[in-house]
Structures are given as C-alpha cells and as structure tokens.
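> Chains as they are written, first to last, in my numbering: chain Z, 1 to 375; chain A, 1 to 397.
Quick caveat, the hints were computed from the structure, so don't treat them as lab data.
Honestly, I wouldn't trust all of these hints.
[As the list claims (entries may be wrong)] Taking lysine to any residue pairs in the SDA-like style, the calculated list, with each CA pair at most 25 Å apart, reads:
| # | chain 1 | residue 1 | chain 2 | residue 2 |
| --- | --- | --- | --- | --- |
| 1 | Z | LYS313 | A | HIS253 |
| 2 | A | LYS356 | A | ASN372 |
| 3 | Z | LYS353 | Z | LYS275 |
| 4 | A | LYS259 | A | GLU107 |
| 5 | Z | LYS370 | A | LYS150 |
| 6 | A | LYS74 | A | VAL122 |
| 7 | A | LYS181 | A | GLY396 |
| 8 | A | LYS150 | A | SER178 |
| 9 | Z | LYS275 | A | LYS150 |
| 10 | Z | LYS10 | A | LEU395 |
| 11 | Z | LYS275 | A | GLY134 |
| 12 | A | LYS284 | Z | LYS264 |
| 13 | A | LYS255 | Z | SER373 |
| 14 | A | LYS255 | Z | ALA308 |
| 15 | A | LYS255 | A | ASP279 |
| 16 | A | LYS255 | A | ARG17 |
| 17 | A | LYS287 | Z | PHE132 |
| 18 | A | LYS31 | A | LYS238 |
| 19 | Z | LYS264 | A | ASN388 |
| 20 | A | LYS259 | A | ARG374 |
| 21 | Z | LYS370 | A | GLN328 |
| 22 | A | LYS112 | A | HIS165 |
| 23 | Z | LYS275 | A | VAL223 |
| 24 | A | LYS181 | A | GLU384 |
| 25 | A | LYS392 | A | LEU300 |
| 26 | Z | LYS313 | A | ALA82 |
| 27 | Z | LYS45 | Z | GLY62 |
| 28 | A | LYS146 | A | THR204 |
| 29 | A | LYS238 | Z | HIS281 |
| 30 | A | LYS11 | Z | ASP310 |
| 31 | A | LYS284 | A | PHE362 |
| 32 | A | LYS375 | A | ASP206 |
| 33 | Z | LYS313 | A | GLU267 |
| 34 | Z | LYS275 | A | LEU137 |
| 35 | Z | LYS264 | A | ALA393 |
| 36 | Z | LYS370 | A | LEU268 |
[Claimed, not checked] Chain Z regions said to be covered by chain A (calculated; three or more residues, Cβ under 8 Å):
| # | segment |
| --- | --- |
| 37 | 280 to 286 |
| 38 | 316 to 322 |
Every residue gets a Cβ at the ideal spot worked out from N, C-alpha and C, and that includes glycine.
If you want the building blocks of each chain, they are given just below.
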Amino acid sequence: MDFALSEEQKQVQELITQFIAKDYPFDVREKLVKSEDGFSKEFWKTFGEFGLLAMPFSEGDGGFNGGPVDLMVILEAFGTGLIVEPYIPNIVLSGHLISKLGNDDQKKEILPKLLSGELQMSFAFTEPQSRFDLNDVTTTAKLDGDNYIVDGYKAVVMNGPASDKIIVSCRTSGGQLDEDGISLLIIDKDSKGLSSRDYSNVDGSKASEITLENVSVPKTNLIGDEGKSFKTISQVIDLATLAISAEAVGIMQKMNELTLEYTKTREQFGQTLSKFQALQHRMVDTFMVHEQTKSLLLMAAAKLNDNASDASKSISALKFQIGSAAKLIGEESIQLHGGMGVTEEMSIGHYFKRLTTIRTIFGNSDYHLKRYSSL
Amino acid sequence: MNLSFSPEDLKFQDEVRTFLEENYPADVKRKMDNGIPLEREDHLKWQKVLSKKGWFAVNWPEEYGGTGWTVTQKHIFQNELAAINTPSIVPFGVSMCGPVIYTFGTEEQKEKYLPAIRDNDVWWCQGYSEPGSGSDLASLKTKAEKKGDKYIVNGTKTWTTMAQHADWIFCLVRTDSSGIKQEGISFLLIDMKSPGVEVKPIITIDGSHEVNMVYLDNVEVPVENLIGEEGAGWSIAKFLLAHERTGIGGIPHLKREIKRLREIANELPLNDGFLKDDDLFMDKLNKLEIDLLSAEFTELRTLAAMSAGGHPGPESSILKIGGTDLQQALSELFVEALGYYAHPFMSEADLASNEKRIGPDFAATAMPHYLNFRKVSIYGGSNEVQRNVIAKAVLGL
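Bound conformation, chain Z alone:
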C-alpha cells in the first residue's frame, strides 16, 4: 500500500498551482465568469498544451495513459483555484464516452480536436423528471433509413452554451426506466430542430436547456451498440463523480485555509477571532472533515484505478461524504467570516457557491446513500 503520488503527478500538481498563482487570481476568474463565453478559450488551449486535456486517455487515443488517480490530481488542484473551464463535461464525460464506445472513425474525427482544446462538447444525460437516475430516459431516437429522428428535452446540460457537439442519451427501446434500450448519439449543436436555452449557474458555470424536435441525426453518429450504453454511462458518471469530488476536496482545503487566515487577522473584543476557543474547535472540526473526506477520495480513486469489484460502492461512499462535508465546511466558512462571508467581493462566497452546486451534481448525499446500500 502506498499513498504517495508519483513524480509526474507531483509535477502536474505544481504546474496547476503555479498557473493559478500567476495567471488565474480571483479577479481574473471573476472577469472570465462574467464574459460571454463564461470561461477562457485561450486558457483552455493552454491546458491542452500542458497536456492536461490528453492526460487521462490511452496512448492509442492520443493521450498519456493517465488514470483515475491522475484525474484526481488535476481536479483537486483545479478546485483550489476555482477553475471554471469545463474540464468535466469535455474531458471526463464526453472524452471518455467516445474513447470507451467510439469506433475508429469517430475517435479519429473527434478526439484529436477535443484533446487539443479546439472542440467543445457536453453530455446531455439529465431530464427534468430524471433527477439523478441515469436509466430514466424519455428522449426518443427512432431509426428512419440512415438517420435517427430524435425528440425530447434535456435539462441543465453542463457546458451546453459553448458546445459544438452534444452527446445525448436517448431511448431507442423499452420503457422510461429500463436500463436496456438506452443509446448515445453525437448531435451537432447547430442541427435543425435542436434549440438551446443558454444560461449561467450560480457557481459561474454555464448550462443549457436543450429541446430536440424531430432532429435528424446520421446513423453513423451512434456511439456504442444501440440500446446497450447504460453500463458505460454509469462507469463514466462514476469517473466524473470521482473528478468532481476531487474538485470539492480542493475547494474544501482552500476554504479552510482562507477561513483560518481570516480569523487570524480579524479582531473583535480586543483579540483576533482565532483566539476564541469556541471558534478554534469549529475550525478543528472542518480541518478534520477535510482530511477524512480526502481519505475517502484516495480510497475511491485507487478502487477505480484497480477496477475493484466494489469501485462503484466506494464512489457512492465518497459522494455521500462529499455532500455532508461540503455542507459543513461551506456553511462554517461563511459563518466564521461573519458579514464579509456573504459579500460578492470576497472569494470565500464563490468557493461556497461552487461547493454547494457540487453537492448535487451526479447525485446528492441521499441518492448516494441509497445507492451505497443497494450495491
């Protein structure tokens, strides 16, 4: 058993930390969030040049043979700087669906552009009624000659606004909740019949409501076997859950640091807040919860890395913990900042907003506790 990161992983961590310190301070991030794209396409290309976009793919797919542990390292470091560039929708979700299910032509067409940062993608897997259940799919795709005709509605699609292409989960057979009969189609954002209502989320990220009316999609855009994609979707969502949990752990670390720093400088009743035992013990608790959550993150990353039989169960244990830890650390950090904690001007509130949306993304604590019990 060995918890240490490799030299390469430490270098990646250092690279991102330096990037954040030099190029991505809070005020730069704020400008990006308020810009039209909502993130920097230039920085996105920089990440491509750093090799961060290609990292988790096999050499055959144009990557560096990285795995779940490498993803964890990248996203945890991203979390500390509240990086808003859409790594999870592009790389973890879309990229992995294509690398796992795509045929040679599809890979050749998409992966080089996706991994160099030229192409923007998203994965539309949620519907208004589906909440966190990946098997709940009512959007239909019916084969008509050489094309699928797609009808339906996809909700809160991450990175929808910037996307050139969207991978859409569709029902090609079976009932609303059947695991069998779910297929994946790559649909161009500018397809006729696809309309997108684009908006910002509270955490600064962007999303879309996607309506599909009689959209004609070439049969060659199907990835994986028709009706057989549920299992791969689950696996990729597990990986994305690990990734977003790593981001959350990075955010928790940063929020604890910011809060500690703040209480050491803010004075009330003639002494700094950090001298009050009532507050010290609360900061000890948030420190411990961060460490305990990080332990589960490492465990889950190792389980996914090893393809362990209980990998999915570990992911649910992790995401359950992320939900409760994010609530504690997020809310305590704001409380210990006092009134300043609720102002737009301080970064702490922005970390809080992202940490709060992460509690829900890919399933909240209740969902994952249920899933943990069932696995």
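Fit chain A to the given chain Z structure using the hints.
Frame of chain Z; chain A shown alone:
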C-alpha cells in the same frame, strides 16, 4: 499511489489467518464470543501465544524484538486479530511503557524491562491522572522526593485501568515544584509490590471493575527507576500520549462489530419482517460504515506518513477523535437495535453463569458497552483537549 495488497501481502494474510485459527485458545474465544468478562490469566494466555510467535511487540524496532513489518502488514495483522474477535491487547506495557523505555531509557533499563514486556511476564499499568488532575494533567501533585539513592513517593493516582492485575506502574511524579508546572515532572517506574502501594476499585456505570484508585504512601523507589532526566517527564508524557492515541480508535474492532450488527439486523425480528427492513435504522448503519471507511483510510495515511517520517505527531489527535466518535455511535446503534431488550441488567457474575440470558444473545453486553464507552471521549486526553492540541500544533491558533 497504490492501495491494493501485493501477492506477498496476501500470502502474509494467509499466514496470519492460519496461525490465529490454530492458536487462538478455545476457552478465551468462548468467553469473548459470549461477552463473558476476561480474567487476568485469560489476557495473559492469549498474549503469550503472540509473544511466543514473536508477534506481540509488533511496532517495536527489530533490535528489541519488533517484527519489522510494513505498514500494510501491520494493518493486515490488526484486521485479522479483530476479525476473529480476539481480546484487545492490554496496551500499557507494549504500546506505552515499552516505547518510552527503548526511546528514553538507559541500556540497563532496556535490558531489565523490555524482554519482560515483550514476553508478557510483567503486567504494567499507567499512573497519569490524579483526583485533581484530569484534562489539566500537568497540574499533577504526586510528589517524589529524592533521599539518597531512593525517591520517596506520596500521592494518589486515579482511573488506573487494570491496576488490580498489574505488577508495575509507570508514573508521572513531581520532582520539583519551583518552576512552571510542566517542568519538574519526572517519569518513574514503581513496583506494585512496594510497601505503601494500595489499589482500590472504582466501579463504573456499566457495573464493571476496570479502573482503580492507586494510593502511594511513602513508597520507596530506587533512583535507577527514573526514565530520562529528572524533569523530562512532560516531554516523555507527550510522546507517550501520541503513541496512545494512534491505536485508540480501535478501527479493526469497529469493522468486525459493524459486520456483526448487519448480521443481527438480518435476523432480528421486527413486526412481520426483520430489523433490516427499517430504513431509518439501516441509514444510520450505512452512514456509520462510510464514516468508518474514512477513519480507516485516515489512519492508514497517517501510518504511512509515520513510517516515512518517524513518530506520530499531533495528527494522532484526529484519529483519536474520529475513532472514539465512531465507537460511541456504534455502541449506541447496538442499543437501538434491541429496543426494550437493551434494559435488563446482567452483572459480571450473571454473564459468567450458564443460565439462559434474557432477550437476544447480544443483548446482555449492548447497554454495558454503550455506558462503558462514554469513557472513550474522555480518556487519553478528552476530545476537547485533542481539539486544543490540533488547534495549537496543526492550525497554529
């Protein structure tokens, strides 16, 4: 990063498992499995099995009889010990006094005391707390006055676990009252057979006799029983407390207990089904299991860091708080599982008798454990004191 067991580790696991299956004394096992309190001889019989195999002083340096095992091997070993419900190792000699002696003792002291601890020939107890010194341990008053080649010791120690079984006691004593309270404390080894040593039981709310008062009245102790310098006792005490805290969470035992509670939930009747059909109960059980996973991996991370960089530091306080919270929560869940059948009281004598017990088999020990485990957030430095330690030493507050 790689958290899986290597083929060598798996082989080691087999070896440990086989040895334990073949050598765990049947009479001790019967008592453990039936919640019958152990006698002094039961503890020693079991621990001598490990001593004889060379698997007792697991964490000691090899030159003193340690195993030289890796962190992973130690982890495997502890889990295997717990999995078949072996008695917890009495820690005072092997996990506390031993490390102090091989770290701070003279060559003569090492030769005199270490083999007897390793071979389970001497039973140690811990003389730290006093009636007036609980969390504020450094305020201790037991006085040791040097007269020629002896110390004359006077004072009272309390909460002394298993002092009724002990041959020796290691004590924090005050050798100087002139400076600040942390200075002037010394670490002294005292033979319990010395004239002037008297042990009186304290009965705890679960009805058991586990802790004692130890009265020291003009006890004569040879000066060669002092460990380290005179006045160095406080730094030795802190070293020892950090050692004490790492294993205190009892995580391998919790793993076995949570598995047992799951089995109980599957079999314990509730209405026309079983306890496992109660979603609220099962939610609590599952949450505890996740908390336990995080505690286990936090301990492993700490041990891995320790094996790279030496002794446990203030981080051990995290393990103490996390582990003891879990111990208490799980003991409560056993009580909840029983409903009314948690209430019938069985004395230690009742437990040892062959009479049929009231309610389900596990009922007799559930409430006593819950009551007894109130202690875990109090002993070894209360969890509030642990938070002070982390605030100061880790967060720099």
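> Now, for every hint given, state plainly whether the structure supports it.
We went through each hint and held it up to the structure:
1. For the suggested pair Z:LYS313 and A:HIS253, the alpha carbons sit about 22 Å apart, so the restraint of at most 25 Å is met.
2. With a C-alpha separation of about 24 Å, the suggested pair A:LYS356 and A:ASN372 falls inside the 25 Å cut-off, and the hint holds.
3. For the hint linking Z:LYS353 to Z:LYS275, the alpha-carbon distance of about 28 Å lies beyond 25 Å, and the restraint is violated.
4. Only pairs whose Cα atoms come within 25 Å are accepted, and A:LYS259 paired with A:GLU107 is rejected, the gap being roughly 46 Å.
5. A threshold of 25 Å between alpha carbons decides the hint, and for Z:LYS370 with A:LYS150 the separation of about 66 Å lies outside it, so the pair is violated.
6. This hinted pair checks out: A:LYS74 and A:VAL122 have alpha carbons roughly 24 Å apart, not beyond 25 Å.
7. Restraint check: the Cα-Cα separation between A:LYS181 and A:GLY396 comes to about 23 Å, which is no more than 25 Å; the hinted pair holds.
8. A threshold of 25 Å between alpha carbons decides the hint, and for A:LYS150 with A:SER178 the separation of about 21 Å falls inside it, so the pair holds.
9. Taken as a hint, the Z:LYS275 and A:LYS150 pair is broken in the structure, with Cα atoms around 45 Å apart against an allowance of 25 Å.
10. Among the hinted pairs, Z:LYS10 with A:LEU395 is consistent with the structure: their alpha-carbon atoms are about 24 Å apart, no more than 25 Å.
11. In summary, the hint linking Z:LYS275 to A:GLY134 is supported, as the alpha carbons are separated by about 23 Å, within the 25 Å threshold.
12. As the CA atoms of A:LYS284 and Z:LYS264 are separated by approximately 37 Å, the hinted pair breaks the 25 Å bound.
13. With a C-alpha separation of about 16 Å, the suggested pairing of A:LYS255 with Z:SER373 holds against the 25 Å cut-off.
14. In summary, the hint linking A:LYS255 to Z:ALA308 is supported, as the alpha carbons are separated by about 20 Å, within the 25 Å threshold.
15. The suggested pairing of A:LYS255 with A:ASP279 holds, with an alpha-carbon distance near 21 Å, which does not exceed 25 Å.
16. The hinted pair formed by A:LYS255 and A:ARG17 meets the criterion: a straight-line CA distance of about 17 Å does not exceed 25 Å.
17. Between A:LYS287 and Z:PHE132, the direct Cα distance comes to roughly 20 Å. Compliance with the 25 Å bound is thereby established for this hinted pair.
18. Straight-line distance between C-alpha atoms of A:LYS31 and A:LYS238 comes to about 36 Å, which puts the hinted pair past the 25 Å bound.
19. A hinted pair counts as satisfied when its Cα atoms are at most 25 Å apart, and Z:LYS264 with A:ASN388 qualifies at roughly 16 Å.
20. Between the alpha carbons of A:LYS259 and A:ARG374 the distance comes to roughly 22 Å, so the proposed pair stays at or under 25 Å and holds.
21. The suggested pairing of Z:LYS370 with A:GLN328 holds, with an alpha-carbon distance near 24 Å, which does not exceed 25 Å.
22. Using a Cα cut-off of 25 Å, the hinted pair A:LYS112 and A:HIS165 holds, with the two alpha carbons roughly 20 Å apart.
23. Restraint check: the Cα-Cα separation between Z:LYS275 and A:VAL223 comes to about 43 Å, which exceeds 25 Å; the hinted pair is violated.
24. Simply put, A:LYS181 and A:GLU384 have alpha-carbon atoms about 21 Å apart, close enough for the 25 Å limit, and the pair holds.
25. This hinted pair checks out: A:LYS392 and A:LEU300 have alpha carbons roughly 24 Å apart, not beyond 25 Å.
26. For the proposed pair Z:LYS313 and A:ALA82, the alpha carbon gap of about 24 Å is at most 25 Å, so the pair holds.
27. Of the supplied pair hints, the one linking Z:LYS45 and Z:GLY62 holds, its CA atoms being roughly 16 Å apart against a limit of 25 Å.
28. Between A:LYS146 and A:THR204 the CA atoms are separated by roughly 36 Å; this puts the pair beyond 25 Å, and the hint is violated.
29. Of the supplied pair hints, the one linking A:LYS238 and Z:HIS281 holds, its CA atoms being roughly 21 Å apart against a limit of 25 Å.
30. A distance of roughly 22 Å separates the Cα atoms of A:LYS11 and Z:ASP310; the hinted pair therefore holds under the 25 Å criterion.
31. At most 25 Å may separate the alpha-carbon atoms for a hinted pair to count; A:LYS284 and A:PHE362 meet this at roughly 19 Å.
32. Under the criterion of a C-alpha separation no larger than 25 Å, the hint pairing A:LYS375 with A:ASP206 is consistent with the structure, at around 11 Å.
33. Of the pairs offered as hints, the one joining Z:LYS313 and A:GLU267 holds, with about 24 Å between alpha carbons and a cut-off of 25 Å not exceeded.
34. Between Z:LYS275 and A:LEU137 the alpha-carbon distance is near 22 Å, which keeps this suggested pair within the 25 Å criterion.
35. Our distance criterion of 25 Å between C-alpha atoms is met by Z:LYS264 and A:ALA393, whose separation comes to about 15 Å.
36. The straight-line distance between the Cα atoms of Z:LYS370 and A:LEU268 is roughly 22 Å, inside the 25 Å bound, and the hint therefore holds.
37. Check on the segment 280 to 286 of chain Z: 5 of its residues sit with their Cβ under 8 Å from a Cβ of chain A, so the three-residue criterion for coverage holds.
38. Only when three residues or more bring their CB closer than 8 Å to a CB of chain A does the claim for the segment 316 to 322 of chain Z stand; here the count is 3, and the claim holds.
Hints 3, 4, 5, 9, 12, 18, 23, 28 from the earlier list are contradicted by this structure; the remaining hints agree with it.
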